[in-house]
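Peer 1: Once you've looked at the hints, dock chain B against the given chain A.
There are 2 protein chains.
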Amino acid sequence: MKLYMTERSGNAYKPRLLLAMLNVPYDKAMLDFPNKEHKKEPFLKLNPRGQVPVLEDGGRVYWGSTAALVYIARKHGGEKWLPTEPAAMAEVMQWLELAQNEIHYGLQWARGVMNKIKTGNLEEYQGYGRTGLSVLEGRLKNNQWLALGRPTIADIACYPYVAVSHEGGQPLDSYPSVAAWVKRIEALPGWVKRV
Amino acid sequence: MKLYMTERSGNAYKPRLLLAMLNVPYDKAMLDFPNKEHKKEPFLKLNPRGQVPVLEDGGRVYWGSTAALVYIARKHGGEKWLPTEPAAMAEVMQWLELAQNEIHYGLQWARGVMNKIKTGNLEEYQGYGRTGLSVLEGRLKNNQWLALGRPTIADIACYPYVAVSHEGGQPLDSYPSVAAWVKRIEALPGWVKRV
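Residue numbers (this note's numbering), protein chains in the order written: chain A, 1 to 195; chain B, 1 to 195.
Hints are computed from structural coordinates only; laboratory data are not their basis.
Every value quoted in this text rests on a predicted model; they were computed, and no experiment measured them.
Some hints here could point you the wrong way.
To be verified - Derived DSSO-like pairs: lysine-lysine, alpha-carbon spacing no greater than 27 Å straight-line:
1. K39/B to K141/A
2. K75/B to K80/A
3. K39/A to K141/B
4. K80/A to K2/A
5. K141/B to K45/A
6. K141/A to K45/B
7. K45/A to K80/A
8. K75/A to K80/B
9. K141/A to K39/A
10. K2/A to K45/A
11. K193/A to K2/A
12. K28/B to K45/B
13. K116/A to K118/B
14. K2/A to K39/A
15. K118/B to K118/A
16. K141/A to K36/A
17. K75/A to K118/B
18. K141/B to K40/A
19. K40/B to K141/A
20. K2/B to K39/B
21. K80/A to K80/B
22. K116/B to K118/A
This is chain A alone, in the form it adopts within the complex (with noise of 0.2 Å):
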């Protein structure tokens, strides 16, 4: 198995955090951000998006950090972290909805506006990102973990940019019940930091 990746990517951060805590060993395919190799051939013809992750397995290519996520799970993680009954799989895909919606372009985009690695409306993506956060304080302050009652790919995609959103100007002061999620995650054992 071979993912190529940034060392700095929160996309690629979660099947980098799932691969370790599952203990499966991987090929790193480091690509040069600065010289946006993400964007050019050959990485294009591997993920035409111009994005990392890509997971490489068995001679298939499978783009974006669902994707990887998903097929990491399913192959090595039994029904633990993605189960495949429809109540418990439609239970963990809604934060992995909330991943790709309030957490990506609020959160991730307002800590991109701030790090300078993307420009737009920072106070826009401020607006989302204050949505998702509130989201996951009111289902994080009864409940330990995401979905299920377990750690489960729900949390883990999820994590990577909650864990930073304070680089986007939203520390997590105002969330105590996600700032305590940040810290359980953190100790869960296999968790490898970022960079």
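Peer 2: Below, chain B without anything else, positioned relative to chain A:
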């Protein structure tokens, strides 16, 4: 099964399409979009994100089009619309990620600005939309369907906002394979009109 929706919502149209194609009966709970019923209590209890669709079944609630599609496909579609084998599921999932990204904050938001239901940077959104359409065109040039050589929830998730992308200033003239795929979806048994 009950689907909370508005008549015009493209995201609610996704589970509506799948339910129609699978011939599954369900109740429609229509929200008053002009009066922003989806942004107020009691709806926010069902979905704190303040969006449709929400699916209710067996006393449980799932928000978002991804969770709804996954739930319906797993409960009523066997292995056909969303298989559980790792490689096949990941292949489907990468297109659901495109639907939640370039198609959503590209095509859907550009259309939202032009239809005056959203503010924001039209050119930025159209740029993302072009990436999304190019990725689809690249895939569909040599494939009838987005994943697995057959209709899956990958097609259902991407179709609604692609089919109306001209309303966001991006007609499909330059994307002939995408235009042909839209027609193929509309010829599938059980296909229903959005409005």
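Peer 1: Report the numbers of all earlier hints that the structure fails to satisfy, in ascending order.
Peer 2: Structure breaks hints 7, 9, 16 and 17.
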